[in-house]
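Enquirer: Single-letter residue listing:
Number of protein chains: 6
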Amino acid sequence: MTLKKGGLTRAVESEGSWQLDRIVTELRDIRARWRGAQQRQTECGAREFPSRDALRDIAEALCAALFPMRLGPSDLHQESEDFFIGYTLDAALNGLLHQVRLELRYDARRANTPQTEVDALARAIVAEFALALPELRALLDTDVLAAYQGDPAARSVDEVLLCYPGVIAVIHHRIAHRLYALGAPLVARIIAEAAHSATGIDIHPGAQIGAGFFIDHGTGVVIGETAVIGERVRLYQAVTLGAKRFPTDEEGTLQKGLPRHPVVEDDVVIYAGATILGRVTIGRGSTIGGNVWLTRSVPAGSHITQASSQHTSVLPTELAAS
Amino acid sequence: MTLKKGGLTRAVESEGSWQLDRIVTELRDIRARWRGAQQRQTECGAREFPSRDALRDIAEALCAALFPMRLGPSDLHQESEDFFIGYTLDAALNGLLHQVRLELRYDARRANTPQTEVDALARAIVAEFALALPELRALLDTDVLAAYQGDPAARSVDEVLLCYPGVIAVIHHRIAHRLYALGAPLVARIIAEAAHSATGIDIHPGAQIGAGFFIDHGTGVVIGETAVIGERVRLYQAVTLGAKRFPTDEEGTLQKGLPRHPVVEDDVVIYAGATILGRVTIGRGSTIGGNVWLTRSVPAGSHITQASSQHTSVLPTELAAS
Amino acid sequence: MTLKKGGLTRAVESEGSWQLDRIVTELRDIRARWRGAQQRQTECGAREFPSRDALRDIAEALCAALFPMRLGPSDLHQESEDFFIGYTLDAALNGLLHQVRLELRYDARRANTPQTEVDALARAIVAEFALALPELRALLDTDVLAAYQGDPAARSVDEVLLCYPGVIAVIHHRIAHRLYALGAPLVARIIAEAAHSATGIDIHPGAQIGAGFFIDHGTGVVIGETAVIGERVRLYQAVTLGAKRFPTDEEGTLQKGLPRHPVVEDDVVIYAGATILGRVTIGRGSTIGGNVWLTRSVPAGSHITQASSQHTSVLPTELAAS
Amino acid sequence: MTLKKGGLTRAVESEGSWQLDRIVTELRDIRARWRGAQQRQTECGAREFPSRDALRDIAEALCAALFPMRLGPSDLHQESEDFFIGYTLDAALNGLLHQVRLELRYDARRANTPQTEVDALARAIVAEFALALPELRALLDTDVLAAYQGDPAARSVDEVLLCYPGVIAVIHHRIAHRLYALGAPLVARIIAEAAHSATGIDIHPGAQIGAGFFIDHGTGVVIGETAVIGERVRLYQAVTLGAKRFPTDEEGTLQKGLPRHPVVEDDVVIYAGATILGRVTIGRGSTIGGNVWLTRSVPAGSHITQASSQHTSVLPTELAAS
Amino acid sequence: MTLKKGGLTRAVESEGSWQLDRIVTELRDIRARWRGAQQRQTECGAREFPSRDALRDIAEALCAALFPMRLGPSDLHQESEDFFIGYTLDAALNGLLHQVRLELRYDARRANTPQTEVDALARAIVAEFALALPELRALLDTDVLAAYQGDPAARSVDEVLLCYPGVIAVIHHRIAHRLYALGAPLVARIIAEAAHSATGIDIHPGAQIGAGFFIDHGTGVVIGETAVIGERVRLYQAVTLGAKRFPTDEEGTLQKGLPRHPVVEDDVVIYAGATILGRVTIGRGSTIGGNVWLTRSVPAGSHITQASSQHTSVLPTELAAS
Amino acid sequence: MTLKKGGLTRAVESEGSWQLDRIVTELRDIRARWRGAQQRQTECGAREFPSRDALRDIAEALCAALFPMRLGPSDLHQESEDFFIGYTLDAALNGLLHQVRLELRYDARRANTPQTEVDALARAIVAEFALALPELRALLDTDVLAAYQGDPAARSVDEVLLCYPGVIAVIHHRIAHRLYALGAPLVARIIAEAAHSATGIDIHPGAQIGAGFFIDHGTGVVIGETAVIGERVRLYQAVTLGAKRFPTDEEGTLQKGLPRHPVVEDDVVIYAGATILGRVTIGRGSTIGGNVWLTRSVPAGSHITQASSQHTSVLPTELAAS
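Listed in order, the protein sequences are those of chains A, B, C, D, E and F.
Just so we're aligned: 68 in UniProt numbering is position 68 of the first sequence, and the numbers increase by one with no gaps anywhere.
Just so we're aligned: 100 in UniProt numbering is position 100 of the second sequence, and the numbers increase by one with no gaps anywhere.
Just so we're aligned: 159 in UniProt numbering is position 159 of the third sequence, and the numbers increase by one with no gaps anywhere.
Just so we're aligned: 96 in UniProt numbering is position 96 of the fourth sequence, and the numbers increase by one with no gaps anywhere.
Just so we're aligned: 253 in UniProt numbering is position 253 of the fifth sequence, and the numbers increase by one with no gaps anywhere.
Just so we're aligned: 166 in UniProt numbering is position 166 of the sixth sequence, and the numbers increase by one with no gaps anywhere.
Warning: the hint list may mix true and false statements.
Said to hold, decoys possible - Among chain B residues calculated to face chain C with C-beta under 8 angstroms, some are:
no.	residue
1	102
2	155
3	220
4	237
5	291
6	299
7	300
These aren't lab readings, by the way, just hints derived from the structure by calculation.
In this text the structure is predicted, and so the values were computed from the model without any measurement.
Every residue, glycine too, gets a C-beta built ideally from N, C-alpha and C.
Input sequences plus hints: build the corresponding full structure.
Expert: Dropping the structure here:
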């Protein structure tokens, strides 16, 4: 064994210590430089930002409250179902209130909004979200049913709820989307990313998705912020509903918030690996084949396959991004 | 900062409370509706369904018992290897027995099978599974070796066992497949999904896979329920071995259980992103290139690349799904 | 319910026991066979291999020390930032020292290197790594900024740090790459796989990546060991920077360590699903379109789309692998 | 440093191993001997005995359900108090049911009672216990009030509930006593010992204690199985209400269950270190001084001090034990 | 086995349910009655009281910060000692601030003090406490030394710090006493009770104790609120320094805060089981024998034994309590 | 509410910071002073001392291995009893080896013993201890039987093992005593203190105790280092077997290791609160009454009560300590 000593020059000085003082000092200088460059006010002492771990736990608690006998604790009995839901919701909503408050305060610091106003808004957002939970559960029931009916291999709605990553992703999305719509986009995004990490399905919380939505397998699916999806739509793994982007010779300062992702109408099926880019419309009842690359609208009832799409849509200067 | 108050109308009434009673009641009504629609007998008090968390832990314990010095606890010594295996197996098998019993009882409720019969079957399934563990370990040794030999970057079989997501996915698959074959398909599916979440590799527990199987990188791989894979097969990331599905103008009620996924014979290599759909056969020793889209059988020794596949296989009315 | 009893023959003998003695004995025999086949010296009592769990925790601690107010504990205050960093680093570096020592000893056993020499080298590697942390943080600041500027949807650098899987993957890569370069490739690989599992982004720790690197969405990205990436490069999901591999009629014994992955020069953008294979060079400022399949070099300023790439690069005998 | 090697003779043989096989075998032989001597049927596979850890947690959950805003979780809000209680009770009662069942089955094995009968009894015991919880809380309120009024240093009833070990001991006692009375004496005893370990106060679950009971400081207090304590009684640390026992020249086979501990009537105060032995009666409103040794009854309104007690009660042949 | 069914009458109605609704309702009514009786304002939603668990952890963190290499984490190195202390203190002090705030707000509610004033006071108390930590450590060093010198069996100061419950009790007392003196008596009391539970030593946080204090064995020691103990005092197990209390024919409303516990001057030794009651003074350098009962002052240099004490101090009408 | 601001003077300067730098610096100075005073070599980086938490866990694991079906995990089955024991012992013995090594190295540092010699001794001690475990279990069986026979309230040997603090204390003592005898007195002491904290029973690991030993209730029992206890001895709560100590006008340098605690011969019973001091002998078969104070030997068959003891043994100049 030849010991590679190249590159280990500085460590020789250390003699059994890590030179922590030196490292800590250098890191402090770099942080100071960074904060200076970001015009960050450093006087604020405590961490002022929502927490990934907290929001992951809150999202799990909400899932458990929505589907107590399937996603709740394994020792739950129906006699205490409502007790469990009430207690779990209270804890989850208070936790969520804290996280939403952190997000709003973070924004408000730049805007000089008074803290009491911010806190009242946070409370209103979470209270409104809480009242929407029953609708949300009713909507999710249509998704579970769609998954059950969409996959002939599914043996029961319970299996679907427990085993299908697409269902987990959709539950998280519907929670996140509601929070996004109510004015907590960062909290929503963190919840969406928790689902992304667990399922490989990346749905931006801004995407609007109708009832009876089902994603099978799911790994690699990406759905963009302004996508609009109708009812009873079904996607397979690695489908992208993304944005087109133009070459760098343009101004480069894209306008935010403009609709830039596809509109997918009711009863559309999109097979694995298909990529649909830009504000195009996939007409009601269409079927998009696997690996299809599509950057134009198609009318209702279209059946698009790889071959047909390539002849018509790929132009040399067009580039795709989600 | 302009406070968005639109959509926060209902929350105004709440005045410092979450209106939990109202939410809990509405959720109860929706659950009752759902359970009514599913003809679910609600008299059963306790949760009657296998647990994801429990099965994930059981699968990990089985991995540790199969490869004690690599996947077992870091403080394990060879002197107590057998003690560790025996104790760990006992706990894992008893846990598994409980989960299999939950699955069988769930099915039996519809079929009015007496509980003693169901419990005896659960015990027989787990006992048989336990006796199969040595074969399973022997089989997995061929997979580990295949991974080691298949990747020139691998420095040791130990590295392969610890670092390769494909190996983790295959260990879980071989466990899940055995349980599937013995009659516990739901438990098997939950174990498969645990591996899917951790590795991005989605292998249905029904898939039959021969010795010496290796998946490199792995994210996005999907292997369907009736796929049959020979010995010494190698796959790369984002490979799909899926089903073809026909347009909706057909009857719509697909027959379950029919062979609908590819047969991949011995010594085949399938490169990243290739998609193979339907009950086609990839002949022994063939090589399928990256991104290839293939819906027909190819004879032994074929070398298929993207160009060659496209000219021959993509027909306008054919649609792909796994 | 018809009880499937086929295949449950052996279990009948068990009568309420799992026959643990038999299973443990058979597993021992199989392990002995395997160890024999691997010429493994079995006299060594304890586990002699780095631990995935330990390294995942160490990597998280390093992330927290590098970005204390974002990735550190949620109750951290700026007054104790340096205290937190110093203490966390000390614990993480001592843990890392232990893991690097395990790796080096494992290698040294074959090479008969004296243990004191090995331990001194382990210490030197970790000390050098520690001293590099400030540079590493400065480099990561450019990545965070690139992510913020590269995605018009990003609202703040803080959001980028907390929500973007690509950023998590890059932090882990820069840690892993440094350890790889200093001589701890196995420890580096385990850290890289932790990020792969969490994000679906698979970057080999050997890959060289310049400042200002950004991966958006990320699921399915694969970057190979000898890839070289310039400054300000941007990738989208499912991009592969892989190796080409030649058919099996060759000798089959590939030379390790040879450059076999792409060189991507400064300011290149590669859109989702693009696959670039072999030691080709993507010239400075080029844009590679979505789903493009590319196995040749392109000059600076190229704009490659799916159509243009397919006409020129796909040859029947060429096969792709990462 | 002189290494003491005497007594280390056997270990010399071990050479880096613990000789686990030998130790395990010897331990098995000794267990077999013990089980033989205890006429223990060894065919029963699983542990058939209540669990200390489980019962400690159950007792804590019951405390939390009885005093939710003080002994419940720190993030509890009044809006979800009832939800918390309902859910916590359900989990605790189901856990308790399991433990009571273990106790009854253990007894029943000797008595050959059918298991269904035993399980029905277990359920009846726990259901009855559950219905008694409101009375129990009302009784405990008198204890809390007594503690608050009995100690001029107490600032609030909340402080009393949170800080006084005597109050913790009494809550556990009232729970344990109820279970003892309903027919689960072993489960009751385990709960009592959990309080003993935490507070140093040892109250046998059989002891009958009236409302408004208060123990100050408490370490070393022992109250025997057949003690009867009236209302508004106050004890200090190291008080013993024990049994007298007679010398060994008697038959030695004491009759179980006979009243053998003191009766303490209403409004009695017993100061620190006092020892009262045998089935004597301390008349209503009496005061027993510190360190007093008392083995005779005293009429209502007595004031007993160390001096007075010693002149009258200590006889040479009398021996004390609790 | 005869099933005791007496007393199980109510449970018969339950039929597989716990009647949770009924129990929850009855408990709510009782709580309402209690809160009414306590004139408790029920409108306050959240728990407004310090937490035992939180304070136990805070006290442990302070112990670790005071003696990092002995009571800190076992993987601590001297290089990061100061980092550890700084970070641990910051977390502990912020936690303590929260608990002190809860105490002050609880008091303030009755007194209608504005919350900002209360919060400023909480911060001042904790800041002052923090600045006192170095003195506190210096004082504790004298206690450790006293323990080491006072017990010939002690082999090192490190053993004393790790093994002696008396030392653990004194560390907690000095922390609690400081908080008591600064105006957080409830927080102080909860910390004292944590030590009481772990060691059986019950020191009221109000007690004033000089340097070089040592308690050997310790179980059953009780030291009252207004006790004053000089320097270099040594106590053994079951020593009480309590209050005398007068019979009930008095008014019954004792004046709070009056000195009512002993003054023990410098260099006194009090052996096991001794009881000293009332505002008496034990003169400098005295020795009080085991089991001595003492309710009068003794001059400096006294040697009191059981016999001598009984002749002089026990009067028929005197009763002892701490 | 009058805000007490006295004593809060220093905190005024702090202005929202804890002045951590100042506190950390002052604490460092005090530690340096202390280490200087203790002639402590500060160059040693890591903590070099056994850990209370680790030893408490090790002792619990040993208890579980000795009584697997009662003190082991609640899901243990007899089929895997030996596997559990073997694995648990291996982990516990390796953990113990580490702790014993820490103790010996700590001692060796002063004595300049070479580390290899020290480590060999540590291994020999633990190996010898391991081989003694079967004898230890056999001995403990006599204790369990004694407890069962000694308390007419005990319903089964299982109840005794699970509920009696005296039994827990004796198991820990027999473990600790063996380690003490083999040369690990500090490790032994830490284990003894773990039992002391849990049970209130303080047995020095040096005490020699014969078979069939039983302590009932137990709180406050103290047994000194050189005590010698015969077979079938029974103690009740608050019994002290201590040392006499002489007044301070002597030289003050007591000789260590001299026998200074009582010898209690076979079949002795000592009732609650009795105190026996000095190297006296309690003759075989004697009975010592409650609260007896005894500082002289008594012949076999004595019956000592409080009255008889006081007339004969208390001399004015005699002082008691354990």
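Enquirer: For each hint, tell me whether it holds in the structure or not.
Expert: Now the hints, each set against the structure:
Given the 8 angstroms rule on beta carbons, the hint for residue 102(B) is violated: about 15 angstroms separates it from the nearest Cβ of chain C. The interface hint given for residue 155(B) holds, since its Cβ lies 7 angstroms from the closest Cβ of chain C, which is under the 8 angstroms cut-off. Against a cut-off of 8 angstroms between C-beta atoms, the interface hint on residue 220(B) holds, since the closest Cβ of chain C lies about 5 angstroms away. Below 8 angstroms, beta-carbon pairs count as interface contacts, and residue 237(B) has one with chain C at about 6 angstroms; its hint therefore holds.
Satisfaction of the interface hint for residue 291(B) is found here, the shortest Cβ-Cβ separation to chain C being roughly 6 angstroms, below the 8 angstroms cut-off. Nearest Cβ of chain C to the Cβ of residue 299(B): about 16 angstroms, over the 8 angstroms cut. The hint is violated. The restraint placing residue 300(B) at the interface with chain C is violated, with a minimum CB-CB distance near 13 angstroms, outside the 8 angstroms limit.
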